[in-house]
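Trainee: Residues per chain, in single letters:
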Amino acid sequence: MKRFLRYTMLGGALLAALPARAEITVGFVTSLSGPASSIGILYSNGIKAAHLYRDAVAGETIRLIQLDDGSDPSAATRNARKLVEENKVDILIGTSSAPSSLAMAAVAAELKVPMIAISPINVEASQSGDRWAICVPQTPALMMKAVTDRMAKNGTKKVGYIGFSDAWGDLVYNGAKAAEAGGHLAFTTDQRYTRTDSSVTGQILKVLATKPDGVLDGGSATQGALPLLALQERGYKGRLYGNPALVNADFIRVAGKSAEGIELPTGPVIVAEQLPEGHFAKAPSLAFRDAYQKANGTPSTDSFSAYAFDAWLIMTDASKRAMAAEAKPGTPGFRRALNEAIFSTKELPGTEAVYSYTPASSFGVDARGVVMVRLQGGTWIYAP
Amino acid sequence: MDLDIATLLMVDGITTGAVYVLLAIGMVLIFTVTRVIFVPFGDIAVYAALTLSALEAKHAPGTAALVAAVAAVATLMEVTSLLRHGKARAVPRALAFYLALPLAVSGTVWAASGTDWPMPVRIALAIVAVLPLAPLLDRIVFRPVADASVLLLMIIAVALHFALAGIGLLCFGAEGVRTQPLTEAALTFGDVLVSGQTALIVVAAASFSLLLFLFFNHTLTGKALHATAVNRLGARLVAIRPERAGTIAYLIGSLLAAISGVLIAPVTTIFYDSGFLLGLFAFVGAIIGGLTNYPGTALGALLVGLLGSYASFFSSSFKEVIVFAALVPVLLWRSIATTHSEEEIEE
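Here the protein sequences line up with chains A and B, keeping their order. For the first sequence, counting from 1, position 127 maps to 127 in UniProt numbering; every step adds exactly one. For the second sequence, counting from 1, position 209 maps to 209 in UniProt numbering; every step adds exactly one.
If you are wondering where the hints come from, they were derived from the structure by calculation, not from laboratory data. A virtual CB, placed ideally from N, CA and C, is assigned to each residue, including glycine. Mixed in with the good hints, there may be bad ones.
What the hints assert, rightly or not - Simulated DEER-style distance windows between Cβ atoms:
(1) Leu52(A) to Asp4(B): 34 to 42 Å
(2) Gln293(A) to His59(B): 19 to 27 Å
(3) Glu277(A) to Ala57(B): 52 to 60 Å
(4) Thr7(B) to Asp170(A): 29 to 37 Å
(5) Lys346(A) to Ala57(B): 52 to 60 Å
(6) Gln180(B) to Gly183(A): 44 to 52 Å
(7) Asp213(A) to Ser149(B): 30 to 38 Å
(8) Asp170(A) to Gln180(B): 29 to 37 Å
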């Protein structure tokens with residue numbers, strides 16, 4: 001009898017040691033330090049808001065583990081590996097720069113864990129033909145098409161380009177240049193500068209020498225204001241066009257009057273309050289704004305945190321369907337079911353776009369996910 | 001390119017070059033006196049700019065807390081070292097210099113931060129706020145290894161730069177800042193319009209270079225610094241303390257860095273990590289001057305500014321490449337033209 005009791009107690013202890021709860025574990029990687037941190041911190045705020053907004057799916061709580069990648073792709077790789085192998089996460093979300101996100105996607109494919117990329121990356125199918133990562137943001141090509149359409153509508157024919165001398169500058173330029181095929185407009189310059197430059201006078205002189213009707217700014221955040229300030233200094237009066245990376249409170253502060261009237265493409269969340277009733281993004285965006293304010297104590301003014309929020313919406317929507325398929329979180333079976341569920345997401349409205357994914361592509365956003373806005377008196381005005 | 005564009009680019013290049021001149025002269029000063037290639041020099045300039053911006057926004061600048069923390073560490077090290085060497089009598093003096101003085105500075109800046117001061121006061125506060133940083137860091141980081149090789153000192157300086165850039169992110173945040181313009185005035189020379197800001201930068205660079213020249217040639221402290229720079233051992237023999245000379249060099253160097261930071265902040269957006277490239281361009285200028293020669297350094301720094309400006313017009317994507325590539329012929333020429341003395345080889 002005594003022995004029986006001892007064995008039952010031992011068995012009970014063993015059972016207690018096993019994870020009884022089948023919570024969903026989310027591994028989130030972002031850049032809280034290093035050059036990508038100005039975006040990475042926003043992603044972190046966005047995921048905090050998302051976790052507050054929805055912390056359980058079908059009765060299972062969601063556990064969030066956040067790691068900093070220091071803006072370094074190799075650290076992002078290490079973090080992704082650590083999250084999967086040590087923390088046994090069911091899904092990866094990350095990160096703030098495209099190279100780091102690509103590095104994480106490679107780990108996700110290797111370890112067969114679904115991943116939601118919150119930077120614009122193109123995920124290739126693995127050799128066996130399956131994909132393990134989707135990309136949330138609108139592609140730069142989609143965004144820039146909205147700008148070039150607007151240029152055609154405004155009658156802007158000769159456009160000068162000045163942008164960053166990095167991958168982002170290339171994406172903006174190539175995305176916009178694709179419109180030259182339509183014959184409505186032509187780019188006269190491809191000038192580049194770096195984030196740490198103290199002057200763009202040389203580049204702006206070159207742009208103005210071609211007498212453009214419009215100038216497209218391919219910079220990002222605060223330093224995207226530099227070309228606009230130089231244009232103002234030289235008395236430029238033509239139209240201004242921008243790219244989504246300029247949507248940033250500090251950009252408005254630094255650029256001041258020089259950015260007045262700039263038109264650029266962005267996700268609908270930026271102008272959530274101004275959207276017409278019945279617009280798909282209105283309800284999710286306002287819910288996001290509310291959750292963001294509660295989670296971080298400050299209002300949200302950017303689009304990056306909204307990508308993290310949308311990643312969470314896609315994840316929770318897919319987990320619901322994956323759990324309906326009788327898969328238990330924490331098992332390889334659940335990861336596969338979750339991945340399949342993510343890739344069969346249909347018409348899910350988020351703050352930035354309507355998401356529909358198919359196994360054939362990791363992009364799931366269409367033109368509904370882009371709105372044109374204009375900067376007027378220091379605020380972004382919805383300009384459909 | 002017509003004449004108009006060429007003149008505009010020249011004005012732009014001279015403006016940027018003038019900022020590099022201040023930084024490069026400070027770097028050379030610190031290098032000659034302490035043998036440290038002070039890589040984080042640009043960070044000091046950036047700290048001044050970010051502090052000024054924080055004061056404009058009526059935030060308490062992170063520099064105040066940072067200086068207090070660094071001062072505490074430096075004091076601890078200094079007092080421990082004094083006690084271990086049985087120099088307890090020197091402790092009060094060390095406390096005054098390493099703790100009381102920096103704390104008074106950071107306390108003043110902290111207390112002043114909530115008020116809307118006129119611009120000259122804000123600028124003075126921003127400059128004073130960063131001044132203690134480099135001398136204190138010298139005490140903490142470089143003095144314990146003062147006799148190490150130039151290479152080791154430089155590697156430590158690189159590490160210090162990364163630390164300072166990280167601390168900058170912590171103290172000031174990831175976003176860039178741009179401070180209010182120092183002046184709205186504009187001058188015209190013939191057809192060329194020169195903004196008052198540009199003129200101010202050039203005048204400041206010229207006058208501080210002149211002041212430094214006078215300081216070295218007409219004051220005892222200046223001559224002591226010069227002597228330390230020429231020969232540390234010899235200076236020690238004639239009762240000049242290299243540590244004190246080093247501290248003064250760091251102080252003057254930080255003053256130059258802080259001034260250039262304040263001057264450049266209204267012209268461009270400054271990020272917590274902008275200092276590295278600023279420092280690097282200034283360093284290229286300093287190398288053109290051979291790292292010892294002030295007029296050569298000033299010319300070199302101006303050249304870097306001009307080169308950058310014209311390069312940004314002709315091939316903007318290769319601007320940095322063009323400027324740094326200019327180093328290669330300079331280094332080649334220097335290695336052929338200069339003969340190495342026995343003393344340098346020994347080191």
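Trainee: Indicate, hint by hint, whether the structure satisfies it.
Mentor: Hint check results:
For Leu52(A) and Asp4(B), the hinted distance range of 34 to 42 Å is not satisfied, since their beta carbons lie about 57 Å from each other. Evaluation of the 19 to 27 Å hint for Gln293(A) and His59(B) yields a pass: the beta carbon distance comes to about 21 Å. For Glu277(A) paired with Ala57(B), a C-beta distance near 38 Å fails the hint of 52 to 60 Å. With their beta carbons about 32 Å apart, Thr7(B) and Asp170(A) fall inside the hinted range of 29 to 37 Å.
Between Lys346(A) and Ala57(B), the C-beta spacing of about 47 Å breaks the proposed range 52 to 60 Å. The hinted window of 44 to 52 Å between Gln180(B) and Gly183(A) holds, with their beta carbons roughly 46 Å apart. At roughly 60 Å, the beta-carbon separation of Asp213(A) and Ser149(B) lies outside the given 30 to 38 Å, and the hint is violated. Hint check: Asp170(A) to Gln180(B), Cβ distance near 34 Å, so the stated range 29 to 37 Å holds.
Against the hints set out earlier in the document, violations occur for numbers 1, 3, 5 and 7.
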